[in-house]
Amino acid sequence: MSDYLKTRREFVKTSVWGASAAWTVPMFLDRTFAEIDQKTRDLAVQADSGKDREILVVLQLAGGNDGLNTVVPYGDDAYHKARPGLGKEKTELIALNDHLGLNKSLGYLGELYGEGDLAVVQGVGYPNPNRSHFVATSVWETADPSAKSNTGWLGRYFDSECPGADPTVGISLKKTQPEAFGAEKNPGICLNTPELYRWMHAGGDDAMAEEMFASLNQPGEEASGSSIEEVGKAGGKVGEDSLAFLERVALDAQVSSKRILEVAAKYQSKVRYAGTPIARSMNLVSRMIAGGLSTRVYYVSHGGFDTHQGQEGRHDNLLGQMDEALKAFFTDLKQQGNYDRVTVLTFSEFGRRVAQNASAGTDHGKGSCLFVAGGGVKGGLYGEHPSLADLDQGDLKHTVDFRSVYATVLEKWLKGNSQVAVKGKYEVMGFMG
Amino acid sequence: MLTEAPDTWTLQEAAHLLNRAGFGGNPREVKEFHGRGRKKAVEWLLAMEAPLDEISVPGWAVDEKAVLAQARERFAGMREGMRGLSAEEQEKKRRELNQERQREQRQQSVDLQEWWFRRMVVTKAPLREKMTLFWHDHFPSSVQKVRVAYLLYKQNALYREHAVGNFKELTRAVAVDPAMMLYLDTQTSKKGKPNENFSRELMELFTLGEGNYTEEDVKEAARAFTGYIVNRGTGQVTHQRLQWDGGEKTVLGKSGKFDGNGVIDVLFGQKACAEYLPKKLWEFFAYEGPSTELVEGLGQSFRDGAFEVKPLLREIFLSKEFYSNSALRTQIKGPVQFLVGMLRQLELAGLPKVYTVSICQQLGQVLFLPPNVAGWDWGRAWINTNALLTRYNVAGFVTKGTDAEAIASAGGGGGGGGEQMMDRVRGMMRSVGRNWAGPDYDKLVPRELRGDSGELVKLLSFRLFQTQLEEKQRKTFEQYADAKRGLVFTNTEVAELTHLMMSTPHYQLT
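Residue numbers (my numbering), protein chains in the order written: chain A, 1 to 433; chain B, 1 to 510.
Treat the hints with care, since some could be wrong.
As the list claims (entries may be wrong) - Reference listing, derived: stretches of chain B covered by chain A, where coverage requires no fewer than 3 residues with Cβ under 8 Å from a Cβ of chain A:
hint, segment
1, 156 to 165
2, 388 to 401
3, 492 to 506
Stated by the list, open to error - Sample of chain A residues with no beta-carbon within 12 Å of chain B, all distances over it, derived:
hint, residue
4, P167
5, P187
6, L251
Hints in this document: simulated from the structure, not taken from any laboratory. C-beta atoms are modelled at their ideal positions from N, C-alpha and C, and glycine is treated no differently.
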């Protein structure tokens with residue numbers, strides 16, 4: 001039995017069954033789990049570890065990636081007319097066919113496309129799109145076009161499809177918890193530097209300090225046991241007070257810390273990663289995978305895509321950084337023998353206006369393209385490229401609902417039911433397996 | 001008007017006001033503040049008696065003329081240096097000069113971040129710095145995009161000057177603030193091809209809030225903000241009539257040949273505008289999700305007071321509701337509040353210079369580097385498993401309750417620059433940790449007061465929490481103190497106890 005499970009079992013014993021009415025369920029403990037008869041709880045605790053199962057890496061391109069200069073409809077005159085300065089010619093692209101080409105900065109993704117491991121999904125969006133970064137990001141993360149949901153699509157997946165999983169089921173490498181992880185029970189964890197992912201105290205192996213720290217960092221009996229029906233956006237519950245929220249995060253941190261440290265110590269990559277933040281994030285994900293964490297979803301973010309002004313070099317550069325990081329990452333996974341277990345899904349809150357603006361940049365737009373890459377992907381072009389002749393107030397009309405993309409990944413890759421996570425039944429597409 | 005609270009108040013209420021309207025203080029300061037009585041304490045905060053130049057600015061920002069002269073000189077020198085060079089050599093030279101400029105700007109950004117942070121720690125006008133932070137979050141600009149530290153310094157001075165001034169006047173000033181113009185692309189917005197960035201955020205984030213305007217309003221207003229040009233070298237802003245779209249615009253139902261100020265006048269005529277800022281101020285100072293009645297009441301006062309911020313803050317700080325259980329110790333400290341407050345509690349004047357920025361980065365709030373145009377996400381968004389453990393470890397460093405060297409070196413880096421750079425940073429941080437003196441515990445907790453664990457914990461609790469501890473915590477801390485007690489209770493043990501007390505969910509609240 002792992003230390004983690006031991007810790008958790010001790011916690012369960014002392015706090016859930018031991019304490020009286022006013023208990024607060026830690027985020028990762030399923031409510032039903034707490035109600036299981038004591039005799040069978042070992043079975044429940046030792047659920048499928050998920051150690052060798054499929055992994056999804058969600059890669060956010062924050063700021064609104066210009067889809068039209070990522071996957072370029074170079075064969076369309078309307079494209080060149082709308083973008084006299086920013087438009088790309090065929091010679092500046094990696095042609096996918098006689099109409100479309102990949103931005104030249106995406107050399108590695110071009111190779112993957114050739115090998116059949118890259119799916120390009122075109123025209124992804126949703127009805128009545130919002131042009132605010134914050135609202136649009138919320139829509140994508142919560143899979144709710146009204147942006148009113150308190151839980152995220154991945155958080156709902158953790159809750160409904162991974163019952164009893166420990167908090168490392170989802171790991172975000174962002175500085176803040178992504179809204180996509182918002183959950184009623186298990187919102188995953190955030191991780192930045194594994195070496196620092198522990199309480200460092202002066203006592204060395206001072207067991208007493210550890211013990212006191214542990215007791216101070218779990219829900220107290222006097223914690224206000226408010227309703228656990230609703231959840232706030234950052235993973236906290238609505239109506240729950242700040243202290244109860246902090247105590248639950250503290251407990252999650254405590255119980256996941258040891259596992260993370262063990263795993264981080266195990267593996268050093270032989271592949272060279274660039275010094276960019278995105279490369280460093282991908283490197284850390286690869287270490288966690290190699291170390292055998294049972295994590296199902298990693299979340300990384302690559303920012304700077306809000307190119308209102310002087311777009312050309314900047315946008316190419318950002319795509320290049322992503323391409324370089326993915327190349328190192330997939331090469332690393334191949335060496336580990338984990339290539340076929342990992343799929344990367346990119347998304348961005350919106351694409352950009354078809355016409356360039358006066359600042360040699362582009363303003364907030366609507367539908368856009370995204371990538372799905374990895375050994376389990378059936379490569380090719382999916383969805384229909386939106387027409388550049390038939391625009392909606394200067395913007396592309398979407399042809400694929402983003403929730404279809406999520407549903408496909410959830411059903412075909414993570415092998416779960418997608419309906420709770422994406423709030424409804426959406427068509428499963430053909431790009432997985 | 002909100003119901004006023006009586007003039008007599010408790011120590012905890014005084015500490016609450018000092019924490020929220022500023023960055024807290026040490027026990028002596030809290031007691032002094034309490035002694036003024038509620039009304040006089042609020043007036044003292046609002047008076048902001050310390051001069052605007054209470055601490056000296058970074059050398060390069062002292063003299064505006066010198067900064068500009070230097071920029072011109074560099075430009076002239078660049079042209080001079082180019083003469084007689086081949087195209088290839090010129091290109092190389094240009095790259096070198098560019099790199100030098102970037103290095104200098106990076107250094108100046110760090111100076112600036114460290115300078116403002118230190119200012120918050122030592123200020124005698126805490127509300128001014130707190131409000132400057134509020135404005136920086138409300139009207140954010142990032143050095144990452146603006147790239148000229150001096151312009152951000154100027155913007156910061158603008159916010160400080162208007163700290164409790166008039167919201168409408170400040171909004172007008174922000175529209176032509178050089179850093180903001182570069183941050184939200186007003187700079188490149190021209191007649192015929194307006195850039196919508198500033199116009200959109202002006203409505204969505206600065207004055208009205210989502211849902212109180214249409215896409216059409218954004219497009220129309222953007223036309224009004226065309227033709228404003230900022231000179232990057234000098235920071236001068238001019239309005240060039242030829243590039244301004246002087247045609248008729250319709251914004252929120254009002255039509256006219258608006259320029260920027262014309263649009264701002266229209267926005268400030270909206271009911272949503274009168275309530276948007278008061279709600280945000282209430283959430284910043286008191287608690288999230290105030291009732292509609294409360295917001296409407298504040299909105300009424302704000303509009304009646306012609307958008308003056310000072311009377312609005314007075315109303316908030318004197319209200320009964322501000323000291324209710326919904327407000328007391330319910331706010332999750334932001335990283336800057338957490339750090340500055342900790343230093344003030346421990347009577348420290350600052351952190352090692354390079355470490356200041358590094359810690360802020362790890363905790364998720366670097367001054368002059370807000371994540372985006374909405375500023376930072378506050379409240380629960382500051383906290384996740386990683387952030388919480390990082391806070392505990394930072395407390396270990398500051399208190400010297402643990403191996404500061406290990407913490408500083410493991411957390412270093414963060415920016416770009418590859419492995420070599422990382423190694424250099426780690427080495428630097430190691431020495432920072434080694435040389436950190438920590439708090440003066442002999443002064444904070446005199447040795448004669450360490451005899452009894454109960455008294456010791458009580459003393460430290462007032463300093464760190466200013467409230468009664470829960471039974472379980474108090475006992476745990478006392479047990480720890482008892483167990484650590486050898487022949488004497490040395491500074492090391494005080495540091496370890498302080499660190500443990502800070503490594504708790506409770507310490508994250510104010």
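Quiz item: Can you give the numbers of the hints that this structure goes against, from lowest to highest?
Solution: When the structure is compared with the hints, numbers 1, 4, 5 and 6 turn out to be violated.
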